[in-house]
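**Student:** Listed here are the chains, written in short residue letters.
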Amino acid sequence: MNTTNRGTPLVEMRDISIAFGGIKAVDHVTVDLYPGEVVGLLGHNGAGKSTLIKCLSGAYQADAGDIFINGEKVEIKDPRDARAQNIETIYQTLALADNLDAASNLFLGRELVNSFGFVDETKMEAETRKIMGRLNPNFRKFNVPVSALSGGQRQSVAIARAVYFNAKILIMDEPTAALGPHETQMVSELIQELKAQGLGIFLIEHDIHNVMKLCDRAVVMKNGQRVGTVNVNEVTDDDILGMIIAGKKPAQAV
Amino acid sequence: MTDINQNPQAAGKEEGPIGRFLRATEIDPRLIGMVGALLLIWIGFHVYAELFLGGGTFLTPRNLWNLSVQTASIGIMATGMVLVIITRNIDLSVGSIVGVTGMYMGLLQVEWLPQYLGLGHPAIWIITVIFGIVLGALIGALQGSMIAYLSIPAFIVTLGGLLIWRGVAFLAADGRTISPVDETFALIGGGPFGAIGATGSWILAAIASAGVIWMIVRGRGNRRKHGFPLRPMWAEYFMAGLGVGLIAVATWVVNAYPWPKGILKQYYEGLGQEVPEDAFISHGYAYPVIILVVVAILMTVLMTRTRFGRYVFAIGGNPEAAALSGINTRAMTVKIFTLMGALAGLAGVIGSARLNSATNALGDLDELYVIAAAVVGGTSLAGGVGTIYGAIIGALVLVSLQTGMVLIGFGDGSYRKIVIGAALVLAVYLDILYRKRLK
Numbered sequence: 001m002n003t004t005n006r007g008t009p010l011v012e013m014r015d016i017s018i019a020f021g022g023i024k025a026v027d028h029v030t031v032d033l034y035p036g037e038v039v040g041l042l043g044h045n046g047a048g049k050s051t052l053i054k055c056l057s058g059a060y061q062a063d064a065g066d067i068f069i070n071g072e073k074v075e076i077k078d079p080r081d082a083r084a085q086n087i088e089t090i091y092q093t094l095a096l097a098d099n100l101d102a103a104s105n106l107f108l109g110r111e112l113v114n115s116f117g118f119v120d121e122t123k124m125e126a127e128t129r130k131i132m133g134r135l136n137p138n139f140r141k142f143n144v145p146v147s148a149l150s151g152g153q154r155q156s157v158a159i160a161r162a163v164y165f166n167a168k169i170l171i172m173d174e175p176t177a178a179l180g181p182h183e184t185q186m187v188s189e190l191i192q193e194l195k196a197q198g199l200g201i202f203l204i205e206h207d208i209h210n211v212m213k214l215c216d217r218a219v220v221m222k223n224g225q226r227v228g229t230v231n232v233n234e235v236t237d238d239d240i241l242g243m244i245i246a247g248k249k250p251a252q253a254v
Numbered sequence: 001m002t003d004i005n006q007n008p009q010a011a012g013k014e015e016g017p018i019g020r021f022l023r024a025t026e027i028d029p030r031l032i033g034m035v036g037a038l039l040l041i042w043i044g045f046h047v048y049a050e051l052f053l054g055g056g057t058f059l060t061p062r063n064l065w066n067l068s069v070q071t072a073s074i075g076i077m078a079t080g081m082v083l084v085i086i087t088r089n090i091d092l093s094v095g096s097i098v099g100v101t102g103m104y105m106g107l108l109q110v111e112w113l114p115q116y117l118g119l120g121h122p123a124i125w126i127i128t129v130i131f132g133i134v135l136g137a138l139i140g141a142l143q144g145s146m147i148a149y150l151s152i153p154a155f156i157v158t159l160g161g162l163l164i165w166r167g168v169a170f171l172a173a174d175g176r177t178i179s180p181v182d183e184t185f186a187l188i189g190g191g192p193f194g195a196i197g198a199t200g201s202w203i204l205a206a207i208a209s210a211g212v213i214w215m216i217v218r219g220r221g222n223r224r225k226h227g228f229p230l231r232p233m234w235a236e237y238f239m240a241g242l243g244v245g246l247i248a249v250a251t252w253v254v255n256a257y258p259w260p261k262g263i264l265k266q267y268y269e270g271l272g273q274e275v276p277e278d279a280f281i282s283h284g285y286a287y288p289v290i291i292l293v294v295v296a297i298l299m300t301v302l303m304t305r306t307r308f309g310r311y312v313f314a315i316g317g318n319p320e321a322a323a324l325s326g327i328n329t330r331a332m333t334v335k336i337f338t339l340m341g342a343l344a345g346l347a348g349v350i351g352s353a354r355l356n357s358a359t360n361a362l363g364d365l366d367e368l369y370v371i372a373a374a375v376v377g378g379t380s381l382a383g384g385v386g387t388i389y390g391a392i393i394g395a396l397v398l399v400s401l402q403t404g405m406v407l408i409g410f411g412d413g414s415y416r417k418i419v420i421g422a423a424l425v426l427a428v429y430l431d432i433l434y435r436k437r438l439k
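Chains A and B, in that order, give the protein sequences. Mapping the first sequence onto the UniProt record's numbering, position 137 (from 1) lands on 137, and the numbers just tick up by one. Mapping the second sequence onto the UniProt record's numbering, position 367 (from 1) lands on 367, and the numbers just tick up by one.
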């Protein structure tokens, strides 16, 4: 897919820098994301992908640089700000409270309350049953802590949390890392479905085959800097591997 | 994203009648364990006294009534300690907060306020109670802020607090004991006049029973509305019967404990009458016990029905996830410690009222009993797990051990400490075993 000149990007992170104790984790990186697009973020461990994306999800605050959503500059100071911009994140660690059940995790920080201001547990469970019925119809364990769930089930809770609240921008940090082949396939299908609905997705991914299959564009990072951005259908997987390993920028890259 | 589709009927065949019973009634097995342990302790002390001392003294209305009053202060603080421990913190300063709030409340109601309002003014006790709770809350807020925003570990901040506030309590009146306190204030501590009597107790029991039934009916209606599986009818009736039965028994016990002769004489003298031959005036529920129950209900609602409670559990389960979900974990820490401080202030009210005086030693070592009560009641020091009712049963267990040892003649501190220490370690070990089996 050709992604040049498609009007205003959904997200633009411009010239983002963040340092931890003198180490430049992210060094003047610019990335953008359009509606209905999947942009892969690639690079070695420690390349700065997760750190960059945490500036968008509100977990970190960039030292320098600006974030634009639909062309408008926004301040994202904490995860609450990010959620207010319809940015949802599925963290690599899933960020689930293990001692709580699926519904409590799904609505964590955004609990449904009744007219007295009390948490409406039954309503939340009912909503959870609905969304899980769509994402993972086999899911039955609604009344146990998520610590009792399998890796795939936990993943589906984390995904349901991102999807339920009508995200426009979705950040997925290695969503298939802990999953078996069948579950990976389901996540792939979900990504295609969400993409078709017009969401923009940042996908942090190590598996080059998944990148080639799922992403429209790929941003490669190395040592906190952006090596280059390529349209996935214009390059081979060897080109991308060359970017990741050697920092070698192919001719097609920008 | 597969799921092991558990067939509930297949599971039902494997479990015995006890398992089926627990599943149907949804009673936490650990609750049964705690209540069982409590009953064992009660019966144990009673039987021991029966066999070796020539008469059981534990399971008497008088002792059980005293037990309820003595549990109030520890129990109230234990409900707050549950929140502190669930969020992976600790508060070692609560005993000293009891002391310092008790002292300043003593000064306020005995030496300061009467100067302006006159001795025995009806507003004195109200101002004093509010002052004590607010003072406790402020101390808690200060400590909580240091933990949350200066990142000093709670253990250190509150260990410092333990020493500091005890020192302040001494300096408040240069070590003097302030006595007696305001007459109305003293009623909050319990005692024959600090209880609501037989009629009041039965009215309270009726209201509480109605509440239990209302909750069961409403819970069932809620489940039906959303199409969730319902408990079998017999289980609903059983729960209602159990709740109402317990309330009735407790009420009967507190009403079976009459005023002693001296108090009767004092009372009838006040009326200008002779004491009748068959005079029997029940104590009924003591004020501190009613306060404990109200605190327990409010805290349970807070923990299970509000966002605040959700966040407490979430922070305990995974602090990072809680923060990423947009929960302001630092503000939560401050609020939790503020609440703990306020409850310690309330315990200071009850403690000094019960003693009818303010001393700087009030609440000494309470922090250990409060933490022990929460832990014996199933609150996990690893965080994320704990219940309010558990903490109160835990407080009952500890206070029962304490008074039981006194009743059977081991009242001098050393044996008592050994038994309570051993009970604490045993309780936590049993809890670990239970959790392991669960996995």
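The hints are simulated quantities; they were obtained by calculation from the structure and are not laboratory data. Where a beta carbon is used, it is the ideal one built from N, C-alpha and C, also for glycine. Mixed in with the good hints, there may be bad ones.
Stated by the list, open to error - Sample of chain B residues with no beta-carbon within 10 angstroms of chain A, all distances over it, derived:
no.: 1; residue: Y116
no.: 2; residue: L162
no.: 3; residue: L163
no.: 4; residue: D278
no.: 5; residue: I297
no.: 6; residue: G309
no.: 7; residue: E320
no.: 8; residue: A323
What the hints assert, rightly or not - Subject to a maximum C-alpha distance of 30 angstroms in a straight line, what follows is the list of computed BS3-like cross-link-like pairs (lysine-lysine):
no.: 9; chain 1: A; residue 1: K141; chain 2: B; residue 2: K225
no.: 10; chain 1: A; residue 1: K130; chain 2: B; residue 2: K225
no.: 11; chain 1: B; residue 1: K225; chain 2: A; residue 2: K123
no.: 12; chain 1: A; residue 1: K222; chain 2: A; residue 2: K168
no.: 13; chain 1: A; residue 1: K77; chain 2: B; residue 2: K436
no.: 14; chain 1: A; residue 1: K141; chain 2: B; residue 2: K261
no.: 15; chain 1: A; residue 1: K222; chain 2: A; residue 2: K248
no.: 16; chain 1: A; residue 1: K249; chain 2: A; residue 2: K195
**Student:** Hint by hint, say whether it matches the structure.
**Tutor:** Here is what the structure says about each hint:
The claim that Y116(B) lies off the interface holds: its Cβ sits roughly 39 angstroms from the closest Cβ of chain A, which is beyond the 10 angstroms cut-off. With a least beta-carbon separation of about 29 angstroms from chain A, L162(B) lies farther than 10 angstroms from that chain, consistent with its non-interface assignment. At the 10 angstroms boundary, the C-beta of L163(B) stays outside the reach of chain A, the nearest C-beta of that chain being 34 angstroms off. Listed as a non-interface residue, D278(B) keeps its Cβ farther than 10 angstroms from every Cβ of chain A; the least gap is roughly 49 angstroms.
For I297(B), the requirement that its beta carbon stay farther than 10 angstroms from each beta carbon of chain A is met, with the minimum near 14 angstroms. Not every CB of chain A is more than 10 angstroms from the CB of G309(B) (nearest about 8 angstroms), against its label as outside the interface. For E320(B), the non-interface assignment is contradicted: its Cβ lies about 7 angstroms from the closest Cβ of chain A, within the 10 angstroms cut-off. With 10 angstroms as the threshold on Cβ separation, the claim that A323(B) sits away from chain A is violated: the shortest Cβ distance comes to roughly 7 angstroms.
Proximity of K141(A) to K225(B) is assessed by CA-CA distance (about 20 angstroms); at most 30 angstroms being required, the pair is judged to hold. Among the hinted pairs, K130(A) with K225(B) is consistent with the structure: their alpha-carbon atoms are about 15 angstroms apart, no more than 30 angstroms. Restraint check for K225(B) and K123(A): satisfied, since their Cα atoms lie roughly 10 angstroms apart, inside the 30 angstroms limit. Taken as a hint, the K222(A) and K168(A) pair is honoured in the structure, with Cα atoms around 28 angstroms apart against an allowance of 30 angstroms.
The suggested pairing of K77(A) with K436(B) is violated, with an alpha-carbon distance near 41 angstroms, which exceeds 30 angstroms. The hinted pair formed by K141(A) and K261(B) fails the criterion: a straight-line CA distance of about 61 angstroms is larger than 30 angstroms. The hinted pair formed by K222(A) and K248(A) meets the criterion: a straight-line CA distance of about 10 angstroms does not exceed 30 angstroms. In summary, the hint linking K249(A) to K195(A) is supported, as the alpha carbons are separated by about 28 angstroms, within the 30 angstroms threshold.
The structure fails to meet hints 6, 7, 8, 13 and 14 from the earlier list, while all remaining hints are met.
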